[in-house]
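Colleague: Based on the sequences and whatever the hints tell you, model everything.
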Amino acid sequence: MNKKQPLSNRLLRLLPILALAAGFSVFLYFDGASYISFDTLREQRENLASFVEHLGVFAPVIYGGIYALVVAFSLPLGALMTITGGFLFGIVTGSVAVVMGATLGASAVFFAVKMGLGQSLASSNQSIMAKMQQGFNRNALSYMLVLRLIPVFPFALINILAAVLRVSFPIYFFGTLIGIIPGTVVYVLLGNGLGAIFDAGGTPNLSIIFEPQIIAPILGLAGLVLLQVIYTRIRDKRKDIKEKPKPIKRRGRPRKATTETKKEKRTTGTRGRTKKKATGLKTNKAKTKKSS
2 MNKKQPLSNR
12 LLRLLPILAL
22 AAGFSVFLYF
32 DGASYISFDT
42 LREQRENLAS
52 FVEHLGVFAP
62 VIYGGIYALV
72 VAFSLPLGAL
82 MTITGGFLFG
92 IVTGSVAVVM
102 GATLGASAVF
112 FAVKMGLGQS
122 LASSNQSIMA
132 KMQQGFNRNA
142 LSYMLVLRLI
152 PVFPFALINI
162 LAAVLRVSFP
172 IYFFGTLIGI
182 IPGTVVYVLL
192 GNGLGAIFDA
202 GGTPNLSIIF
212 EPQIIAPILG
222 LAGLVLLQVI
232 YTRIRDKRKD
242 IKEKPKPIKR
252 RGRPRKATTE
262 TKKEKRTTGT
272 RGRTKKKATG
282 LKTNKAKTKK
292 SS
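Going left to right, the sequence shown walks through residues 2 to 293 as my numbering numbers them.
Rather than coming from a laboratory, the hints here were simulated on the basis of the structure.
What follows is a set of in silico ranges between Cβ atoms, one per label pair, in the way DEER data are often shown:
no., residue 1, residue 2, range
1, Met116, Ile67, 21 to 27 Å
2, Gly221, Gly194, 22 to 28 Å
3, Ile242, Ile182, 36 to 42 Å
Straight-line Cα separation of at most 30 Å, DSS-like style, residue types lysine-lysine; simulated pairs:
no., residue 1, residue 2
4, Lys243, Lys132
5, Lys238, Lys132
6, Lys240, Lys132
Cβ coordinates follow ideal geometry from the N, Cα and C atoms, glycine included.
Modeller: Encoded structure:
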């Protein structure tokens with residue numbers, strides 16, 4: 002039996018989760034959303050543009066680091082930050098900075114949850130959770146891509162779910178990195194034209210990703226990934242059926258018939274011996290009469 006870890010060790014393992022939860026709580030306590038909004042961006046856009054120009058090549062790196070913190074603390078600023086990236090850095094640089102920042106921040110959550118809950122999850126091999134882990138990890142990369150591609154699934158929840166289901170880190174990292182690209186590009190493109198929207202006195206339409214002409218190709222990509230999962234499952238089932246051992250067929254008559262045949266032979270043999278005895282007795286009697 003495994004000995005329980007000391008309380009101090011368990012608390013140390015929970016520290017990353019507690020730190021991330023503390024960051025989220027501080028944001029809510031000070032009502033951070035009221036300070037970071039499109040109105041703030043509209044008012045400070047000239048200052049931000051000059052600041053980015055002053056920092057040069059370090060600007061997207063710093064922005065990516067800030068984006069990683071936003072994702073790590075699970076702050077509800079993802080869409081705003083992505084649009085801001087397109088506004089400040091353009092389509093290519095903005096997309097790269099957003100994708101890398103989001104992936105690194107998501108990885109921080111993944112490791113924090115896995116470190117804090119890894120021991121308890123490892124001991125649940127007989128539970129329903131263990132069956133879910135086994136089913137998910139058969140096609141983990143495909144499932145990760147689908148969850149990241151479709152914008153309906155909450156980004157922060159997927160970070161936690163992947164750690165709970167014990168997905169391997171390389172699959173989680175590349176599934177996140179690749180899966181968030183389409184949605185990122187949509188919002189970065191929106192941010193690239195944010196100046197014109199502000200000049201017209203408007204506000205960006207955050208639900209643009211759900212427009213049919215945009216969401217349809219993304220759902221198509223997710224569907225192709227799911228088709229691969231379905232094909233793999235059908236192939237595995239057929240393989241299992243082929244490898245299943247066939248029942249051995251016995252040649253000859255069944256035992257019951259053989260037993261009956263043996264009985265018939267015994268009966269026939271007994272009758273034959275009886276007839277021979279009777280014939281022998283008759284012959285002896287005839288000989289006795291002749292001699293007399």
